[in-house]
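Engineer: Kindly generate the complete structure, drawing on both the sequences and the hints.
For the record, the sequence lines run as chains B and R.
Take 1 as the starting number for the first sequence in the working numbering and just add one per residue.
Take 1 as the starting number for the second sequence in the working numbering and just add one per residue.
The set of hints was computed from the structure by calculation and includes no laboratory data.
Cβ atoms here follow ideal geometry from the backbone N, Cα and C, with glycine treated the same way.
Among the clues, some could well be false.
Which chain R residues stay away from chain B? Per the calculated CB distances, all over 10 angstroms, these [as the list claims (entries may be wrong)]: (1) Thr85; (2) Lys193; (3) Leu299.
Residues from chain R shown here face chain B by an in silico Cβ test under 7 angstroms; the list is partial [said to hold, decoys possible]: (4) Ala94; (5) Tyr168; (6) Ala274.
What follows is a list of derived Cβ distance ranges for each label pair [unchecked claim]: (7) R/Asn253 with B/Glu249: 21 to 29 angstroms; (8) B/Gln206 with R/Lys51: 41 to 49 angstroms; (9) R/Ala277 with B/Glu241: 29 to 37 angstroms; (10) R/Leu299 with B/Glu170: 40 to 48 angstroms.
Protein chains: 2
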Amino acid sequence: MSKQPKVPISAALASYRKPTLKTIAELSGLAVPTVSRALKDAPDINSETKKLVRKVATEIGYVPHPAGVRLRTGRTFVISLVLSTSNEMMTHAARLMAAMVKELRGTPYHLIITPFFPDEDPMTPVRYVVETGAADALILNETTPDDARVKYLLERGFPFATHGRSRYCEQHPYFDYDNLSFGRIAVEALVQKKRRFIWMLAPPPQHNYALNMIEGAKTACTNQGLTLYVSEAINSEQSIEEVTQKVTELLKNEPQLDAFICASTNAAIGVTAALEALGKTIGVDMDIVAKEAIPFLKLFRPRMLIMQEDVTAAGTWLCQAVLQAIEHPERAPLQNLEIPQFAELEKQL
Amino acid sequence: MSKQPKVPISAALASYRKPTLKTIAELSGLAVPTVSRALKDAPDINSETKKLVRKVATEIGYVPHPAGVRLRTGRTFVISLVLSTSNEMMTHAARLMAAMVKELRGTPYHLIITPFFPDEDPMTPVRYVVETGAADALILNETTPDDARVKYLLERGFPFATHGRSRYCEQHPYFDYDNLSFGRIAVEALVQKKRRFIWMLAPPPQHNYALNMIEGAKTACTNQGLTLYVSEAINSEQSIEEVTQKVTELLKNEPQLDAFICASTNAAIGVTAALEALGKTIGVDMDIVAKEAIPFLKLFRPRMLIMQEDVTAAGTWLCQAVLQAIEHPERAPLQNLEIPQFAELEKQL
DNA sequence: CATTTTTCCTAAAACGATTTAGATTAAATC
DNA sequence: GATTTAATCTAAATCGTTTTAGGAAAAATG
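Structural biologist: Set out below in structure tokens:
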């Protein structure tokens, strides 16, 4: 009863070319649109026909040509991760990517890295992707409190998710860490170690998470009757060498300092290098609280107080969020997630 | 004398849609193919016409639609970097990517990461890219001595370059490090420190560079009347924790060991953790030679002997190589490059 | 038996770019 | 002045897919 291919498949394979819908159509004696509709299980195609088409398709290894699909439908099956090319790309972004790539495995989607450079407008790559339809969804990193990219994407109704919050964050999926608590817990940890003069190496203040972190630490300091020292000039995005040099300078002028809060691996290493060059020992003369994405500092200097950010979880979650946004935009936007990962630090106290 | 647009541009912009060749054609009163040929500076188009077309194009911000171009020409303007999702992706691959992204800036090309998973055939992603035309060129990482991917790409005539050599490497552009020398110099450095029992944590032996490295070290050991200890079971691609655990075990059985050669940052950290847990001090009880992509170990333990691999240079060079292969395949293949980066290590001796 | 409905398929157009072949006009040649 | 040549443009086809509209045959209805 089952329908038969019109042309033997070996004949089609003899002169090799990448199979298209046309190939299947010729082999099965059907029209191209019929094949197309059969493959996507449309209701107006006979089930015997569908079976035949699917059989031929798998037999000759048919894969839809992305350019054809994209031209006709606008779909690219690409997720774009927007990353700054600054040094952060080296560490936490790599983990993020690895998690996303794993999450996308088995789906038709690919991950593409859309870089932007410190000297150019962060809007440029975002506009490019939206206007050319280079991707089906965007994932933004390192949001600012009043992020123009987020505003733009919301206005355009383009699917996206952010790693970090902004003032618009109630309106879209995001993944963020509770940096307010990080600031607070870091200070409390240091106070418990009898430290009184705390300097914070925060991220540059344009980033939303920098503000949270600083606010948390400041409030905690005020509650303890302390002052938090923090300066834009020494920040956690600088290179190890830069931090080392600046902290060395700093300690000459402010010898009373006895604690540092570091927002990155680089910063923690830089501070350590400066301290040790001055003959100071971590955990004895000074204490350092640090936050990092890759579990490394604990091995570097075991007496550091470490908080881990689970970037892998972020990558996984963000991927799921944008896939949802692409394929089921009608569903309520995904819950905004917020994971405090301070158990470790609190245990260390 | 200069030709004028037929329709005022404001009119076209009023109802916003992404401009195409058709938009330019309507505005300038020309046919679509004429516009296309004018934009690519074809010889049979009047220079006045070209001027007009170019003016209109920039004015309305025309950008060719990638799907249109790809469908017609097969060109994607994508370079695919094939990466294993194993832990190496975290460190050296991130640098590689950053360098490539910077190198591609200003060109029409994009970088896409094509992952492959340890449990799948490395051929899969390569075949996929070639057969679907997902990219214009490939960059392979971590070659094996008899790399099936390289063989396949050579047979197909698909543009590519490799990071690492193989038996086919005379036939295509590659970037590699002189690991033979690394092995030799590492041993010589340790001998000079009066070490006699050297264990090497090499990469898994399927990798070409592992073989070079081991051979270099073995030959040097033989020349010095020593034996090189090396085992597949403890390799440089394992996690820090795994290395620590295995080396701890190892030192119980082989207490005479007084030196390690580590082929990765992870391995060096893992070995350090194991040694220090046993109360041994680097540079005193033991010596470690290590090779890494990110200048980090020197800060971690200053007495380690470090060799840097310039992965940034690799990324830059590989990009240039594949662009050349795409755009001027007729030119003699780029010189195969080989950079020994041992000056630092030799200085340390 | 004539008519309507259902089922299942095809034809044609469209997405945006490029290429091949051909057409028109002007300039050059005899 | 007729013919060739050069210069410059247009028409049509194509890449692979999807969508809309419509058509033919079979089945159901009166």
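Engineer: With chain B as the partner, please determine if R/Ala274 meets the hint condition of a C-beta pair closer than 7 angstroms.
Structural biologist: Cβ of R/Ala274 sits 11 angstroms from chain B, so the hint is violated.
Engineer: Confirm or reject: R/Lys193 is not an interface residue toward chain B, with every Cβ-Cβ distance exceeding 10 angstroms.
Structural biologist: holds (23 angstroms)
Engineer: The hint says 41 to 49 angstroms between B/Gln206 and R/Lys51; measuring C-beta to C-beta, is that right?
Structural biologist: The hint (41 to 49 angstroms, Cβ to Cβ) holds, given that B/Gln206 and R/Lys51 are roughly 43 angstroms apart.
Engineer: R/Asn253 and B/Glu249, beta-carbon distance inside 21 to 29 angstroms?
Structural biologist: Check failed, 49 angstroms falls outside 21 to 29 angstroms.
Engineer: Can you verify the interface hint for R/Tyr168: is its Cβ closer than 7 angstroms to any Cβ in chain B?
Structural biologist: violated (23 angstroms)
Engineer: Minimum Cβ separation between R/Leu299 and chain B greater than 10 angstroms?
Structural biologist: Non-interface label fails for R/Leu299: nearest chain B Cβ at 6 angstroms, not farther than 10 angstroms.
Engineer: Does the beta carbon distance between R/Ala277 and B/Glu241 stay inside 29 to 37 angstroms, or does it fall outside?
Structural biologist: Distance hint for R/Ala277, B/Glu241 holds at roughly 30 angstroms.
Engineer: Identify whether the interface hint at R/Ala94 stands, where standing means a beta carbon of chain B within less than 7 angstroms of its own.
Structural biologist: OK, holds: R/Ala94 within 7 angstroms of chain B, min 4 angstroms.
Engineer: Mind verifying the non-interface call on R/Thr85? Its CB should be farther than 10 angstroms from each CB in chain B.
Structural biologist: violated (6 angstroms)
Engineer: Does the beta carbon distance between R/Leu299 and B/Glu170 stay inside 40 to 48 angstroms, or does it fall outside?
Structural biologist: holds (42 angstroms)
Against the hints set out earlier in the document, violations occur for numbers 1, 3, 5, 6 and 7.
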